[in-house]
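Here the protein sequences come in this chain order: A and B. Letter by letter, the first sequence follows residues 0 to 283 in numbering that gives the first Met the number 0. Letter by letter, the second sequence follows residues 0 to 294 in numbering that gives the first Met the number 0.
Keep in mind that the hints were calculated from the coordinates and are not lab data. Predicted, not measured: the structure shown is a model, and the values here were computed from it. You may find that some hints are simply not true.
[Said to hold, decoys possible] Quick look at which bits of chain A chain B covers, simulated, 3 or more residues with Cβ under 8 Å:
| # | region |
| --- | --- |
| 1 | 1–14 |
| 2 | 79–86 |
| 3 | 124–135 |
| 4 | 252–262 |
[What the hints assert, rightly or not] Only pairs whose alpha carbons sit at most 25 Å apart, straight line, appear in this in silico DMTMM-like list of lysine to aspartate or glutamate:
| # | chain 1 | residue 1 | chain 2 | residue 2 |
| --- | --- | --- | --- | --- |
| 5 | A | 215 | B | 146 |
| 6 | B | 256 | B | 280 |
| 7 | A | 119 | B | 83 |
| 8 | A | 233 | B | 111 |
| 9 | B | 123 | B | 66 |
| 10 | B | 242 | A | 52 |
| 11 | B | 77 | B | 111 |
Virtual Cβ for every residue (Gly too), placed ideally from N, Cα, C.
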Amino acid sequence: MKEIAVTGGKGGTGKSTVAIMFAFKQIELGKKVLLVDCDVECPNDHILLGINELKNPVSKTTTFYPVIDDDKCTKCGLCVRSCRSSALFQPGDSVPVLNKDLCSSCGVCWNVCPSNAISKEEVVNGEIFRNDILDGLTLVTGRSIPGVRETSPVVEQVRDYIDGLKSSFDLVVIDTAAGAHCTVMRALEDVEKAYSVTEPTPLGAHDLSVILRVLKVLKVPSDIVLNRSDIGNKALIDEVARKHGSNVCCEIPYDDDLARFYSEGNFLEHRLSISKLLKLYKSQ
Amino acid sequence: MRITVLSGKGGVGKSMLASSLAILFSKKFNVIAVDCDVDAPNLALWLGIDNSKKGGAFKSYMISTVEKPIIDEDVCTKCGKCLDACNFGALSNGKRAVELIPYRCEGCGLCEIICPVDAIEMKKVENCTLSHYETEYDFPVVQGQIEPGEAESGEAVTEIRKYADTLCKKDAVIIQDGAAGIGCPVIASIVGSDYVVAVAESSMSSFSDLKRALEVVNQFKIPYGVVVNKYDLNKNISNEIMKFAGDRYLGGINYHKDVIKSIVDLKPAVEMGGNVRKELEDIFQNVLESTKGLF
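Extracted from the complex, chain A is given alone in its bound form (with noise of 0.2 Å):
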């Protein structure tokens, strides 16, 4: 069994596109794949794939709220005076009120209250589906409930929950969000690779860095994947690529009936020829 992910620091190079050509391109060799889509503020495997409503979640991740009894608290303000997030205030010389919007669920403040006021309450912060796609291909979502900041947490969950499932499969694709926060961190976390995904464009090679620069700090190896290869300038992703001791593995030129089966999010019924797009510069 192995483990890659796909990533990409900039938005829109084409993560979940290359994501999901990996998977039908394993799938055509007889390989059975888990696509896993961690990009939980924003998922879109699914609607590449065909399917327009998550429903039935398998499970739900969650978090922490401290909840405080008004009959135990001693008013101190300890809790107030030890969040660092500035969760918690006391109007007054009240029982302190916790902004939720501010928590991050770290435990200061019931690790350090002196009279035993606080618990922990128990919140839904996400879901995660599992899609059983074709013989051979199944995904597994997760997303995260609007209005939640703190998402690496629901991604961290998911990545639990696929632990149980990792060895029926021969690869696991992880489809990272855009960016190079936390999110995207935990869900680079202990994969064998990564596929940078990047275009040929000042944008494309600026944002490439960014992530290369963090695959590093996770020691995580990453292979670059440039979509659209031929709209641009190639030089710049060579050099970004030189720079950080990385190679061009694969490049995808832009076409015009890959992007159309993107914007109506029917990948599936053309997955012969959107597989046969990925043009490898060596056997992956």
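Once you've looked at the hints, dock chain B against the given chain A.
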């Protein structure tokens, strides 16, 4: 007045639109452009600040939006209490002492409180470079760049915004280019906005993400308008998005050769002339109309 451009989905044209709107607004108003994407800021690049000019930043310095634990190897007994307590899995057993996994650490300080031998001290970490450039359009652009592997993007966005606010002259229009997604960094940019310009491209994926982004905008009760980019790529879907937006529809941008050239050459779309300039000017007029009462 503060206008935030967001989308949910990445790569649909937030920075392209934000930079062009900033230029159009600057012809009538004092403008401050703020890049609220602190992972991979692109707005300054769109506004003509290339890498060679970056050394000429008006101001550029490191800021700290987080404290992280420093563990004294000589005092640490590796009792493991901090490891067990940490809710973020940010501590691990090293050879001589407990070690920090920096990108997992939220800086809450629980380990410092829990440690029975006072081996841990929270110290400020410089995790973000704040830069202020003066553009050739006579307005400033402010951005932040988080150090690779550091967390706390939301707090960094808040600090970038605070700095940008100090540059505010009378009746300034602040154009904020939001990050992709709908989590912490995006929420940190939405808070206190007067108006949101939500951008979608003509794809089912982007339409889905637009709806999720607008769920969050509605939670903050902020008025918004919708722009459809790459309109002609799939007119059926573009029309669906336009219908969904109703009277909040601000306009569409077709996927012209000029737009592609704009991205490849990194020149603001509004300066490309021709159709895309007209489309952007129409969108600008509609934004002005929609935000009339907010000035």
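Hint check:
no.: 1; hint: 1–14; result: holds (count 5)
no.: 2; hint: 79–86; result: holds (count 3)
no.: 3; hint: 124–135; result: violated (count 0)
no.: 4; hint: 252–262; result: holds (count 4)
no.: 5; hint: A/215 - B/146; result: holds (12 Å)
no.: 6; hint: B/256 - B/280; result: holds (18 Å)
no.: 7; hint: A/119 - B/83; result: holds (17 Å)
no.: 8; hint: A/233 - B/111; result: violated (49 Å)
no.: 9; hint: B/123 - B/66; result: holds (4 Å)
no.: 10; hint: B/242 - A/52; result: holds (20 Å)
no.: 11; hint: B/77 - B/111; result: holds (14 Å)
When held up to the earlier numbered hints, the structure conflicts with 3 and 8 and fits the remainder.
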